[in-house]
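Trainee: The lines below spell out each chain.
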Amino acid sequence: MAVLESVDVTRFFGGLAAVSNVSFQVNPGEIVGLIGPNGAGKTTIFNLINNYFSPTSGDIVFQGEKITGLPTHEICKRGIARTFQVVKPFRRMSVLENIMTSAFLRYPKAEEAREKARWCLDYTGLLAYQDTLGRSLPLGQRKRLEIARALATEPKLLLLDETCAGLNPSELNEAIDIIRKINQDLGITIIIIEHHMKVIMSISHRIVVLHHGQKISEGTPQQVVSSPQVVEAYLGEKYAAG
Amino acid sequence: MSEPNAAVRANKLGDFLKELGSAFWIVVAVLALLPLVGGFLLNDYIYHLIILTLMWSIMGMAWNLLGGFTGQVSFGHAAFFGTGAYTGGMLAFKLGISAWYGLLLGGFVAVALAAVIGWICFRLRGPYFALATLAVAEILRLVANNWVDFTNGPMGIQVQRTFTTKLPYYYIVLTLAAVTFLVIRAVIASKLGYYFVAIREDQDAAEAMGIPTARYKRISLYFSAFFMAMAGAFYMVYMGYIDPHVVYALHDISIITIMVAMVGGVATFWGPPVGALIMILIGELFRRLPWAGTAHLTFFGILLIVIIIFMPNGVVGDAHKLFGFLRKPVPKAPSPVTAEKP
Numbered sequence: 001m002a003v004l005e006s007v008d009v010t011r012f013f014g015g016l017a018a019v020s021n022v023s024f025q026v027n028p029g030e031i032v033g034l035i036g037p038n039g040a041g042k043t044t045i046f047n048l049i050n051n052y053f054s055p056t057s058g059d060i061v062f063q064g065e066k067i068t069g070l071p072t073h074e075i076c077k078r079g080i081a082r083t084f085q086v087v088k089p090f091r092r093m094s095v096l097e098n099i100m101t102s103a104f105l106r107y108p109k110a111e112e113a114r115e116k117a118r119w120c121l122d123y124t125g126l127l128a129y130q131d132t133l134g135r136s137l138p139l140g141q142r143k144r145l146e147i148a149r150a151l152a153t154e155p156k157l158l159l160l161d162e163t164c165a166g167l168n169p170s171e172l173n174e175a176i177d178i179i180r181k182i183n184q185d186l187g188i189t190i191i192i193i194e195h196h197m198k199v200i201m202s203i204s205h206r207i208v209v210l211h212h213g214q215k216i217s218e219g220t221p222q223q224v225v226s227s228p229q230v231v232e233a234y235l236g237e238k239y240a241a242g
Numbered sequence: 243m244s245e246p247n248a249a250v251r252a253n254k255l256g257d258f259l260k261e262l263g264s265a266f267w268i269v270v271a272v273l274a275l276l277p278l279v280g281g282f283l284l285n286d287y288i289y290h291l292i293i294l295t296l297m298w299s300i301m302g303m304a305w306n307l308l309g310g311f312t313g314q315v316s317f318g319h320a321a322f323f324g325t326g327a328y329t330g331g332m333l334a335f336k337l338g339i340s341a342w343y344g345l346l347l348g349g350f351v352a353v354a355l356a357a358v359i360g361w362i363c364f365r366l367r368g369p370y371f372a373l374a375t376l377a378v379a380e381i382l383r384l385v386a387n388n389w390v391d392f393t394n395g396p397m398g399i400q401v402q403r404t405f406t407t408k409l410p411y412y413y414i415v416l417t418l419a420a421v422t423f424l425v426i427r428a429v430i431a432s433k434l435g436y437y438f439v440a441i442r443e444d445q446d447a448a449e450a451m452g453i454p455t456a457r458y459k460r461i462s463l464y465f466s467a468f469f470m471a472m473a474g475a476f477y478m479v480y481m482g483y484i485d486p487h488v489v490y491a492l493h494d495i496s497i498i499t500i501m502v503a504m505v506g507g508v509a510t511f512w513g514p515p516v517g518a519l520i521m522i523l524i525g526e527l528f529r530r531l532p533w534a535g536t537a538h539l540t541f542f543g544i545l546l547i548v549i550i551i552f553m554p555n556g557v558v559g560d561a562h563k564l565f566g567f568l569r570k571p572v573p574k575a576p577s578p579v580t581a582e583k584p
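Residue numbers (our numbering), protein chains in the order written: chain C, 1 to 242; chain B, 243 to 584.
It is worth saying that the hints were derived from the structure and are not from the lab.
Among the hints, erroneous ones may be present.
[Said to hold, decoys possible] Here are the simulated DSS-like pairs of lysine-lysine, each with C-alpha atoms no more than 30 Å apart in a straight line:
#	chain 1	residue 1	chain 2	residue 2
1	B	408	B	336
2	C	77	C	181
3	C	156	C	77
4	C	109	B	433
5	C	77	B	433
6	C	156	B	433
7	C	181	C	109
8	C	198	C	181
9	C	181	C	156
[To be verified] Here are the in silico distance ranges between beta carbons for each label pair:
#	chain 1	residue 1	chain 2	residue 2	range
10	B	529	C	92	34 to 44 Å
11	C	197	B	446	21 to 31 Å
12	C	39	B	446	16 to 26 Å
13	C	128	B	563	28 to 38 Å
Note that the Cβ used here is the ideal one computed from N, Cα and C, for glycine as well.
Whenever a hint applies, use it, and build me the whole structure from the sequences.
Mentor: Next up, the structure:
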């Protein structure tokens, strides 16, 4: 059974279809890359999955159950965690407290939550920053804070929204390692939005390509890059022909 | 006698002293012993000032839980204060029961009211929430003023004071303030506190992390309303007289409550008590100046502007700015940020 299924999902903003009739499946243990040019509707898909917006039509099915229209916090409780493209650390909390806050979802006692949070920080290599305030954290670490915070909710499905954007090469490699580890060692299924082709090609098992809110291609990384529609969407018709 | 044992014992004692030495217990102990040891220093007027300071501390702490820690700024906390006061007053006035029961019952009536207010106002965020709370408090004031059959309207409610001396009131309000402080500190140290601050910092992120933000905002409001109403009920039994314009007052209750928290330090434990002390002292100082009239309100306004510009975290939150020159400069600890960067 698919972990997540998007069934003919459409979302209008006014007269504009940000996402139209997008269907795809994510299987247990997969890393699925979600790519497409700017404004293709990638982040909107995430916002529809965790019901930050509700779909205009269509359904989101998680582990065989329809979750369309459930409150965002309930969706997280069911096991879908996400990170934000524009990072949202709790600015006046320490890094440890940031993670503890999300660990409380599964560990209501402060001591257990703190322990879980430390574990997440260690896992994502942030332990050295545990007492740093959220607002004084540099961008690279903020992106990792987002991952750690999502991890602390013990998700079955993790939605990563450009967690590698703006990282320097060494940070980038660390981030890739962390994402792989989360997938392989913890068995968490991942959907990842990323512009960085090196990242997406090396870690995705499958890739879904969006353009103008529609799915134009789906397949293994090799299949996707050789698809004429994808080349056209990214580079224009001229290159697709040649 | 072995060394390690002694060390362990010394350590335990150290912990004990640390526990005992925490500022809270020192302050409570000093206030509790003050009438016994330093009774000769005190007269009714000074008792009155300390009682008011403690009462305003409760109000400031109550507001601070919602406005400071949870980030939901209310301009209408008089709604809960007045409701607490009127619950006590009506018990005596209508049913002939002691107004003291209002201390608890008023809290619960205020929580019920908070359920309605939360239902109305929490649909709104930021300034719109603040204005909605202001409107609700004004509505309550007008209802209490005009529903003469029920509330006795502008004639107010008078209750026979239980004690003729200040001392019993002093110990009662000291107990109430201490309980409020401890409960709020425990709440903030628990999961609730983390959720409240998370909601203040970023509501969308909090929601995405599985926090039912609407529910936890309401919980914060209930705690806040309860303690605010408790202070209101205490006001009833202490002053012996209330009317709608006093206990549901926008400027004298709602606004001054915010000032107590802001002057002392928003989202700090000691801010409200310190703010209450400052506000009471300034208020009394102005009352002693024959030419000042109601100029203390003008001065409060100026004080608020100064605080917002120079000490946005209040006297407690920005204490280092006030007292920094007293301390030797501490060498800045190497932050992991700079330490690890290549």
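Trainee: All hints are to be evaluated individually against the structure, with a verdict given for each.
Mentor: Right, here's what the structure says about each hint:
1. B:408 with B:336: 27 Å, holds
2. C:77 with C:181: 22 Å, holds
3. C:156 with C:77: Satisfied, since the Cα-Cα distance of roughly 10 Å is no more than 30 Å.
4. C:109 with B:433: Given that 30 Å is the threshold and the Cα spacing comes to 7 Å, the pair holds.
5. C:77 with B:433: Given that 30 Å is the threshold and the Cα spacing comes to 16 Å, the pair holds.
6. C:156 with B:433: 23 Å, holds
7. C:181 with C:109: The given pair, whose Cα atoms are some 27 Å apart, holds under the 30 Å limit.
8. C:198 with C:181: Given that 30 Å is the threshold and the Cα spacing comes to 17 Å, the pair holds.
9. C:181 with C:156: With a Cα-Cα distance of about 14 Å, the restraint between residue 181 of chain C and residue 156 of chain C holds, given a limit of 30 Å.
10. B:529 with C:92: 34 to 44 Å: 38 Å, holds
11. C:197 with B:446: 21 to 31 Å: 29 Å, holds
12. C:39 with B:446: 16 to 26 Å: 21 Å, holds
13. C:128 with B:563: 28 to 38 Å: 30 Å, holds
Violated hints: none; the structure is consistent with every hint.
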